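Colleague: Turn these sequences into a full structure, and let the hints guide you.
If you're matching them up, the sequences are chains A and B in order.
Just so you know, the first sequence maps onto residues 1 to 581 in our numbering.
Just so you know, the second sequence maps onto residues 1001 to 1108 in our numbering.
Hints listed in this document are in silico derivations from the structure and should not be mistaken for laboratory results.
Source: prediction; values computed, not measured.
It cannot be assumed that every hint is accurate.
Dumping the calculated DSS-like pairs for lysine-lysine here, alpha-carbon to alpha-carbon at most 27 Å [as the list claims (entries may be wrong)]:
#1 A:400 to A:83
#2 A:394 to A:97
#3 A:212 to A:186
#4 A:288 to A:308
#5 A:6 to B:1061
#6 A:505 to A:482
#7 A:36 to B:1039
#8 A:505 to A:407
#9 A:66 to B:1055
#10 A:400 to A:94
#11 A:482 to A:391
#12 B:1061 to A:66
Given next are the chains, with one letter for each unit.
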Amino acid sequence: MRRLHKLTQLLFHLFGGRADIEDILGDLDEVYYSSKERSNTVVALWHYWRHVFSLLLSYSLRRRAKDAAYSPYYRGPNVSIMKSYLKVSIRNLKQQKTFTVLNVLGLSTGMSIALLALAMFIELQNFDTFHPHAAEIYQLNTKVIKDGNTEVFASTPPALTYAADAQVTDLKNSVHINDDFFPVVKKAGNELRLRGLFTSPDFFNVFAMPLKEGSTISLSEPGNVIITEELATRLFGEDTALGKVIETENWGSLQVSGVMQTYPKRTHLRFEILTGFETSPSFDARYKNARWTNFRSNYYYLRVADDKKALAMNQIEQLALQGKSAMAQENLSAAYQLRPLTTINPGTTMEDEFGLVFDQQTMWFFFGIALLILLPACFNYSNLSITRALKRAKEIGIRKVIGSQKKQIVEQFLVETVLVSLISVVLATVLFHLIRAEFISMLVGASALSFEITPSLLGVFGAFALITGIFTGIIPAAYFAKISPLAAMKNGIEAGKVSISGLRKGLLVVQFSLTLGFMMGIGVLAKQYFTVLNYQTGFNKENILVLTLEDHHPEIVRNTFLSMPEVGEVSFSSSIPGTLC
Amino acid sequence: MKGFLGEFEELVLLTIANLGNEAYGAAILEQIEQRASRKISLGALHSTLTRLEEKGFLNSKMGEPTATRGGRRKRYFTLTGTAVVALGNMKSLRDELWSGANFNLSAE
Chain A
1 MRRLHKLTQL
11 LFHLFGGRAD
21 IEDILGDLDE
31 VYYSSKERSN
41 TVVALWHYWR
51 HVFSLLLSYS
61 LRRRAKDAAY
71 SPYYRGPNVS
81 IMKSYLKVSI
91 RNLKQQKTFT
101 VLNVLGLSTG
111 MSIALLALAM
121 FIELQNFDTF
131 HPHAAEIYQL
141 NTKVIKDGNT
151 EVFASTPPAL
161 TYAADAQVTD
171 LKNSVHINDD
181 FFPVVKKAGN
191 ELRLRGLFTS
201 PDFFNVFAMP
211 LKEGSTISLS
221 EPGNVIITEE
231 LATRLFGEDT
241 ALGKVIETEN
251 WGSLQVSGVM
261 QTYPKRTHLR
271 FEILTGFETS
281 PSFDARYKNA
291 RWTNFRSNYY
301 YLRVADDKKA
311 LAMNQIEQLA
321 LQGKSAMAQE
331 NLSAAYQLRP
341 LTTINPGTTM
351 EDEFGLVFDQ
361 QTMWFFFGIA
371 LLILLPACFN
381 YSNLSITRAL
391 KRAKEIGIRK
401 VIGSQKKQIV
411 EQFLVETVLV
421 SLISVVLATV
431 LFHLIRAEFI
441 SMLVGASALS
451 FEITPSLLGV
461 FGAFALITGI
471 FTGIIPAAYF
481 AKISPLAAMK
491 NGIEAGKVSI
501 SGLRKGLLVV
511 QFSLTLGFMM
521 GIGVLAKQYF
531 TVLNYQTGFN
541 KENILVLTLE
551 DHHPEIVRNT
561 FLSMPEVGEV
571 SFSSSIPGTL
581 C
Chain B
1001 MKGFLGEFEE
1011 LVLLTIANLG
1021 NEAYGAAILE
1031 QIEQRASRKI
1041 SLGALHSTLT
1051 RLEEKGFLNS
1061 KMGEPTATRG
1071 GRRKRYFTLT
1081 GTAVVALGNM
1091 KSLRDELWSG
1101 ANFNLSAE
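Modeller: Right, here's the structure in full:
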């Protein structure tokens, strides 16, 4: 019967918490024994459990549980106790000024890097989401298989994409882009190489980048360009750019027929100037209808409803069959896939990538580093506050003697650390504000990140501080809660006799090894950096120029250059040697 | 007064009145099971007791610990004035309806 009682009590505790059920347990007992007297144990037990289960789900238990929750013995969240925690925390932090300042400085330095990573992560999540139908827009990619190796290209054969325009049903919008447009402009004695795209007026149907002035349709006229507001200011200053002519060295005179409004930076599209495919003679019918291989720089975006996506993909694969023989001639085979616009950033960098792509793996690596920088700061706090226990032992002892529970001591210390981490995050935000410009200039492509401090970002920072505070505080809090009141009151805690000093040592080791690791990392990095700058690559870098082919025939380029007496030798490569892209 | 008396509530109140000073959970249960010969669960009974207490028909207080029931105290229930009035009203309404009935209800 005793074991039975244990089980019953456990059940009641599960369902009713701290509800007072003394009389109910008594009733159950009495009913059980009287039923046992009248019949036998089995029947009595059956009735016992029937009563127990009816009670577990009964209103009376719920009501009693509720009453218990509001009794003075209730130990849940409570405003006045929170106030007291806060008051004691502030007093303590004030009393130990050096300790507080040291911790806040350490934590905020560590946090500022983490905030940078956090802000970057949030911004990347919002990349290209400002287009009204962002969820329906896809980039068509090519999976090229050559000699058993698969490479995914962001670009697509023009023969396929132009056929898709005409023959894929349910296509809401689509646009072709070629990024091999680099007009060179002479401006105040300097040569400006502009980043341009060949595209069509459809561009403005797919992407939400409205014009400030001019018309989008003009893009289908040869020699017309649409420029960004930024470029307009750069080239023409305060004057109206519309209707002006840009004299270029390689594309002749280009007429400005439109100026774009400034659009959000958070897009993978990078360009200053747009022109129509008609501007270049190389985009002829042969290019559009028969080019299956050598499709670099040709990108295709399409907008299709979610439920029609599979159908469209099917049709594209059917169309791709036409190019099979052309591909086979070069020992290639290809498959195609759709990449949702919103997953381009952060995403996986593909071959022949278009625009700006932050590689997801690199991002995770960066976040990992940020976390590793934050960790020693947190451990540092934990360690310092455990050391402080020597001074605070009496306080904890008195608290325990007047009836403070373990949980309440843990809460007290958590409030304290959260307070410290909230103060730190304010300082860290200031630091973040100061270092973000440096960070943007350091990171490739970071110019696309604004790192603007918005209310929602501040909210995220606050939540981050809360989590950091709890994470940092939980170890010292648990430690403080363990202190025996007797030992604490008697003599304080003698150093070296602390019960979980092993843990402290562990923290110390981790903290020091992380810090040392970082210092070594910085040393190696600096050495590498100088090595890269001064390393003998085995070829002479002096007087070698790199030019992009821009779709000209390689042999003609070679012969033209070789006919110049100044040119020694000419060679070709798919990318610039010694760089990654 | 909050709410009307249900049939089971009336039964419980009257049983408590019958038990006098000895009205606690198990006793009420046994009385009802014996007299009305119907099976009720402790859960149903305690829920009703709790509701009646909320409605102001019952008062309860814990008794002294006894040697039986593993030393656990009993919770004794007593009727309040409201309950007495409500029961009286109920009875007079019943009597009125009985006496005014057009059929002979007392047959057999």
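Colleague: Of all the hints numbered above, which does this structure not satisfy? Sort the numbers upward.
Modeller: No hint contradicted; all consistent.
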